[in-house]
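Student: Using the hints, build the complex out of the two chains.
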Amino acid sequence: MQPSLFPAPIPSTYTVSKLTFHLRKLLEEDEVLQDVWVQGEISNLSRPASGHIYFTLKDANASLKCVMWKASAARLNLPLRDGMAIEVHGKIGVYEPQGQYQLYADQIRAVGEGALYQEFMRLKAMLEAEGLFDSDRKKNIPELPHKIGIVTSATGAALRDMLNTLRRRLPLAEVILAPSPVQGVDAPPALVKAINILDDKQLAVIIIARGGGSIEDLWAFNDERVVRAVADAMTPIISGVGHETDFTLCDFAADLRAPTPTAAAELATQITILDLQAEVQTYKARLASSINSLIAEQKKLLSALSAQLRYLSPTRLIQSERQRVDELSRRAFMSVAYRVNLQKKYLEGTQKRLEALSPLAVLARGYAVVTRKDDGIVVSHVAQASDVMQVRVSDGEFEVRK
Amino acid sequence: MPKASSKKTEKNIEELSYEEALAELEQIVSALENEQSQLEEAIKLFERGQALAERCGVLLEAAGLKVKQVVGEDIIDFEGESE
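Chains as they are written, first to last, in my numbering: chain U, 3 to 404; chain S, 65 to 147.
So that you can see chain S by itself, here it is in the shape it has in the complex (with noise of 0.2 angstroms):
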């Protein structure tokens, strides 16, 4: 739906995780190929899923394990990893 995801455009590209940039990249997909939208209305959806598609790449890129650890009720970094 084009009004949901121009709702969406208003958000930071920057501060999307992965799960949200490849949601949205998806959603603006689908909505290119199945929507007559107006040209210009079009090429803002272009330019907003490339960007999202490159955010995807870089947080794929620069993605790091996260480990951590269950310690009673808490939940710590986990450091015990030896090489």
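The following block holds chain U by itself, in its conformation from the complex (with noise of 0.2 angstroms):
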């Protein structure tokens, strides 16, 4: 067989562009490389004017050219340097211009956070299928609180932040503090024995908060310890961890999640100060109107019995008694002519009787009246009579002699 320069079959060439997009397609049909996470360090960082970041992640043997694009950028809440130990999300494409592959990344936290982040969805399921984070154990959180207990780290600006608020809020509030670590290993036990401490104080509300960080200074909350006091707790608590995007644990277990401490002491204050000063004068108007009306009232009342009185007035009754005595007089003067006439009647028919028994009407019809002269004795029997004796007659007197 003869020797051919071109041994058969030949096979076809490539265009660097062909091989290229060969390679990218091969790339981007892997569903592994589409959606992986990359973890390694960073190098070579390197944020241009245009928004988008780009940096190599590295490890001990190998290198991965990483864009960001400004979009997800934008969205990054770690602060990147260069040596930082990271996790990169994202999918791997190839640059063509270069020939060289590498990682879109849309993602980006620090190294740990994953295996964190399993464990939190893993104790989440747990202690949700347990129940403990149930709506129908919420208890509800009062709105005008006596006594408020903060657990929560006696140096730190959550604190501060805490005690303003509560102070501009509701002054008339008494604040007990069970002072605990809130990040190391120390803190979940610190934190489950200030909430048991509080939870026996008899206290309104409970508040257990922490200032902002990352997942791992935020990852007491999450400790399985420390939520199921949070859970079990007979005190309302509201949880005020980290920032507003942070949900831990202790959030779903408390009564009430506020997105900050700050926010966790406003919701444990719902009626402030300026509501209890609006309340009192509200009371005061009340208080005003009411006598006000009780007195309008009694002022009515007044009037109507005035009147009531003007219409009872003596005045009519002293006309009638006026009239009552005028009539009483009338029958006193009837009743007395009456009986001045009965009697003087009764003194005519007297005088008759008186006449018709006078000794002078005995005398005018002859008869005479003999008395002594010396004594005046009547003489109406012979033996009575004396020398001189006087005899009286009808119209005159003379003397005998025996």
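Watch out, some of these pointers could steer you wrong.
Dumping the calculated EDC-like pairs for lysine to aspartate or glutamate here, alpha-carbon to alpha-carbon at most 16 angstroms [unchecked claim]:
1. K195(U) <-> D138(S)
2. K286(U) <-> E111(S)
3. K149(U) <-> E111(S)
4. K60(U) <-> E43(U)
It is worth saying that the hints were derived from the structure and are not from the lab.
Tutor: Structural data, given as structure tokens:
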């Protein structure tokens, strides 16, 4: 067989572009490479004015070019620096002009977060299944607490923020602080103890709080012991851990979740001193209006009574009494006149009878009365006769001798 | 109840806590609003109510957050607050 310069079959030749395109297709069709977390250290970090971020991720034996577009970079809440160990999520693509495969990153997190997140999800699912986060377990937060418990670090800014908030909103309240470390291995048992101590103190509400930090910093608030202590407390608990975007298992177990410590202090004091002042003002107004209406009522009653009094006035009574007096005096007069008349008639009759009996009348018929001259005794028997006697007849007297 | 409030009247207003003063004020206001009291009695209640409202206002004005701290078995004043 004749040796040939071009042993058959002759493979087709790729252009660089075509090959690169082929590689790109291979990479982009691979499911693993399109949704991957890669761990490494940052080097050659560059943030040009475009807003995109470029860096190389490397470990002891290999390196990987990475790019994060502006839109994803804007959502990044982790300050990047060279040498930092991170985990990057994204998809592998090819930058054809340089024949370079690279990771198009859309999320970056600190190393360890992934494992913590897995643990977080496992614990959350377990406690949720147990019913620890059920809404019917949630206690009502009192609107006007007298005593507020706080579990947090005695030295943190979170405490200062909360005390300032409480001082501003409800200075009538009393705060009882149970200080506790809020991060590190000692934190969970200390937090549990602090919660239990305050739970026995007959407080209206307990705030469990911590300022912002990384997921590791906040990890004590995902500790199963702490979460159970929060869920089991008799006192209503408000959690205010980290920032708005941070969620801990304590937040789920608490009766109310606040986005920040300051917000927790606000939620613990739903009624503020301004409300109380307004309430006192309202009472004052109601007091005044009720007494005013009572007085108005009394005035009305009084004027009704005085009208009634005028109607029943003694003037009328006096007039009618006067009439009665007239009537009585008329009747008195009449009865007196009648009696006078009666007496007069009686007198006349008596006079007539008297006249009939009068000795003068007897004398007139010719009889005489003889009396003794010396002693005036009437002589009705002969033996009585004296020497000189006086004889009275109807029209005069004369003396006689025996 | 007028009888309950007249019993309470014996308490010195200066010694009442905010809660006590407010509770009595509340009671007096509703007594005045809902009951037919004698005018003299009502005026007494009103005056008492005014004094109570004053007391509440003064207490609110003067209130300062009390901060205490659990130390072991004790509760002591908290002084670790740095400005």
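Student: Now, for every hint given, state plainly whether the structure supports it.
Tutor: Tested hints:
1. K195(U) <-> D138(S): holds (14 angstroms)
2. K286(U) <-> E111(S): Distance of about 11 angstroms is within 16 angstroms: holds.
3. K149(U) <-> E111(S): violated (32 angstroms)
4. K60(U) <-> E43(U): holds (5 angstroms)
Going down the numbered hints, you'll see the structure goes against just number 3.
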